[in-house]
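Enquirer: Here are the chains, one letter per residue:
Number of protein chains: 2
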Amino acid sequence: MGNGLTAKGQATRRRIVEGAAREIRENGVATTTLDDIRRRTATSKSQLFHYFPEGKEQLLLAVAEHEAGRVLSDQQPHLGRLNSWDDWRKWRDAVVRRYRLQGQNCPLGVLTSQLARTTPGAQAVSGRLLDEWQAQILAGIRHMQVQGHISPDVDAGEAAAALLAGIQGGVSILLSTGRLTHLEATLDFAIARLKASTATNAA
Amino acid sequence: MGNGLTAKGQATRRRIVEGAAREIRENGVATTTLDDIRRRTATSKSQLFHYFPEGKEQLLLAVAEHEAGRVLSDQQPHLGRLNSWDDWRKWRDAVVRRYRLQGQNCPLGVLTSQLARTTPGAQAVSGRLLDEWQAQILAGIRHMQVQGHISPDVDAGEAAAALLAGIQGGVSILLSTGRLTHLEATLDFAIARLKASTATNAA
Numbered sequence: 001m002g003n004g005l006t007a008k009g010q011a012t013r014r015r016i017v018e019g020a021a022r023e024i025r026e027n028g029v030a031t032t033t034l035d036d037i038r039r040r041t042a043t044s045k046s047q048l049f050h051y052f053p054e055g056k057e058q059l060l061l062a063v064a065e066h067e068a069g070r071v072l073s074d075q076q077p078h079l080g081r082l083n084s085w086d087d088w089r090k091w092r093d094a095v096v097r098r099y100r101l102q103g104q105n106c107p108l109g110v111l112t113s114q115l116a117r118t119t120p121g122a123q124a125v126s127g128r129l130l131d132e133w134q135a136q137i138l139a140g141i142r143h144m145q146v147q148g149h150i151s152p153d154v155d156a157g158e159a160a161a162a163l164l165a166g167i168q169g170g171v172s173i174l175l176s177t178g179r180l181t182h183l184e185a186t187l188d189f190a191i192a193r194l195k196a197s198t199a200t201n202a203a
Numbered sequence: 204m205g206n207g208l209t210a211k212g213q214a215t216r217r218r219i220v221e222g223a224a225r226e227i228r229e230n231g232v233a234t235t236t237l238d239d240i241r242r243r244t245a246t247s248k249s250q251l252f253h254y255f256p257e258g259k260e261q262l263l264l265a266v267a268e269h270e271a272g273r274v275l276s277d278q279q280p281h282l283g284r285l286n287s288w289d290d291w292r293k294w295r296d297a298v299v300r301r302y303r304l305q306g307q308n309c310p311l312g313v314l315t316s317q318l319a320r321t322t323p324g325a326q327a328v329s330g331r332l333l334d335e336w337q338a339q340i341l342a343g344i345r346h347m348q349v350q351g352h353i354s355p356d357v358d359a360g361e362a363a364a365a366l367l368a369g370i371q372g373g374v375s376i377l378l379s380t381g382r383l384t385h386l387e388a389t390l391d392f393a394i395a396r397l398k399a400s401t402a403t404n405a406a
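Chains U and B, in that order, are what the protein sequence lines are. Under the working numbering, think of the first position of the first sequence as 1, with each following residue one higher. Under the working numbering, think of the first position of the second sequence as 204, with each following residue one higher.
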């Protein structure tokens, strides 16, 4: 996200994107106008044009990238250092807490489904998020295998993909039913089975 | 689905719903009109009114129920008799095959997202599908536990919820990326770990 901006320019751009994200979280993407965002962020028309010359969709795409970043940062520092079962428990709790707070309103999902029809690159935001998320889970599984906490018999790539799929499904069931049970079950099942894998190996 | 209809009435209603489902699968829900459905199913206006007096949304809800039924029937007879690891493998293959054929177009998802805003009961169709699906997976896990093929240490309810969440997430990743890898990974990981659970128990 260099954009050739100075540090001050970067800060202004970030302020606009964060303000737009708050406005959209509160009032929805369909009804939020560029004027709403200008008012909220105390930005002039020419400033907004300077940072987002292609208009509203370019700004919404930047908000989607910001929301995707939050999905990962809300799981840190745990997701980035899954080095013990205690770390895994803390990560599990951070994921569940994040989605409990978010409830049935998924800002990133709303943005990407709104943008997908018109904006090239909107789906790529979700794709990059999933790739990065899975890579960090995979690094955790591999670390635990090296330490002997997860059996080498476990296919680490398969397990990481399964965990990510389970979280996605748990969140989608939360969005449609309001219930966290499936998100919790998928995390608890996978972690319990990974833990048990070393006993399997010893048998 | 009694509806107080005679057997002949039931058959006519089913013919209309199945024809409407085909029309919508081919041409999309947004552009399909009642006239399209009447033409395709050779149904008169008064016949259509007789079976769906509340109009298009009532018919679309019936189509959604029909599509939800197909999600389960496409997995049979395997889903209903998960009594050996060979049955589990056949079920796993049936799920993957079903979604490979379906690809990135999910008729039920399109219908329920279209109906959700306007039609009471549209979300309940998905809810009932998930409940029934999970109940059949749960019955399979419990059966395997009774037979000693899955450890009694496994929380059967949690495992069934985790499998369902994984499938939902795998399908949602398929819908957004076109890739089946996560659906396969979630099924293969869960089944491999359930299989390994008895070795754990013996340790």
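These are calculated hints, taken from the structure and not from any lab test. Careful, some of the hints might be misleading.
To be verified - One-sided and incomplete, this derived list gives chain B residues near chain U with beta-carbon spacing under 7 Å: (1) His346; (2) Gln350; (3) Gly351; (4) Glu361; (5) Ala365; (6) Gly372; (7) Gly381; (8) His385; (9) Ala388; (10) Phe392; (11) Arg396.
As the list claims (entries may be wrong) - Straight-line distance between alpha carbons at most 30 Å, and here's what the computed DSSO-like set of lysine-lysine pairs gives: (12) U:Lys90 to B:Lys398; (13) U:Lys195 to B:Lys248; (14) U:Lys195 to B:Lys211; (15) B:Lys211 to B:Lys248; (16) U:Lys8 to U:Lys56.
For every residue, glycine included, the Cβ atom is placed at its ideal position computed from N, Cα and C.
Enquirer: Are the hints correct? Go through all of them and say.
Expert: A quick look at each hint next to the structure:
The interface hint given for B:His346 is violated, since its Cβ lies 18 Å from the closest Cβ of chain U, which is over the 7 Å cut-off. A least Cβ separation of about 19 Å between B:Gln350 and chain U goes past the 7 Å threshold, and the interface hint is therefore violated. The interface hint given for B:Gly351 is broken, as the beta carbon of that residue sits about 15 Å from the closest beta carbon of chain U, more than 7 Å. Given the 7 Å rule on beta carbons, the hint for B:Glu361 holds: about 5 Å separates it from the nearest Cβ of chain U.
A cut of 7 Å between beta carbons decides the hint on B:Ala365: the least distance to chain U is about 4 Å, and the hint holds. With a least beta-carbon distance of about 3 Å to chain U, the hint placing B:Gly372 at the interface is held under the 7 Å criterion. Hint on B:Gly381 is violated. Least Cβ distance to chain U is approximately 10 Å, over the 7 Å limit. Hint on B:His385 holds. Least Cβ distance to chain U is approximately 4 Å, under the 7 Å limit.
Checking B:Ala388 against chain U by beta carbon gives a least distance of about 4 Å; that is within 7 Å, so the hint holds. Checking B:Phe392 against chain U by beta carbon gives a least distance of about 4 Å; that is within 7 Å, so the hint holds. A hinted interface residue such as B:Arg396 counts as satisfied when its beta carbon comes closer than 7 Å to some beta carbon of chain U; here the least separation is about 4 Å, so the hint holds. A threshold of 30 Å between alpha carbons decides the hint, and for U:Lys90 with B:Lys398 the separation of about 28 Å falls inside it, so the pair holds.
Taking the CA atoms of U:Lys195 and B:Lys248, the gap is near 62 Å; set against the 30 Å cutoff, the hint is violated. Distance check on the hinted pair: U:Lys195 and B:Lys211 sit about 57 Å apart at the alpha-carbon level, beyond 30 Å; violated. Between the alpha carbons of B:Lys211 and B:Lys248 the distance comes to roughly 18 Å, so the proposed pair stays at or under 30 Å and holds. Proposed proximity of U:Lys8 and U:Lys56 is supported: the alpha carbons are some 22 Å apart, at most 30 Å.
Violated hints, listed in ascending order, are 1, 2, 3, 7, 13, 14; each of the other numbered hints is respected by the structure.
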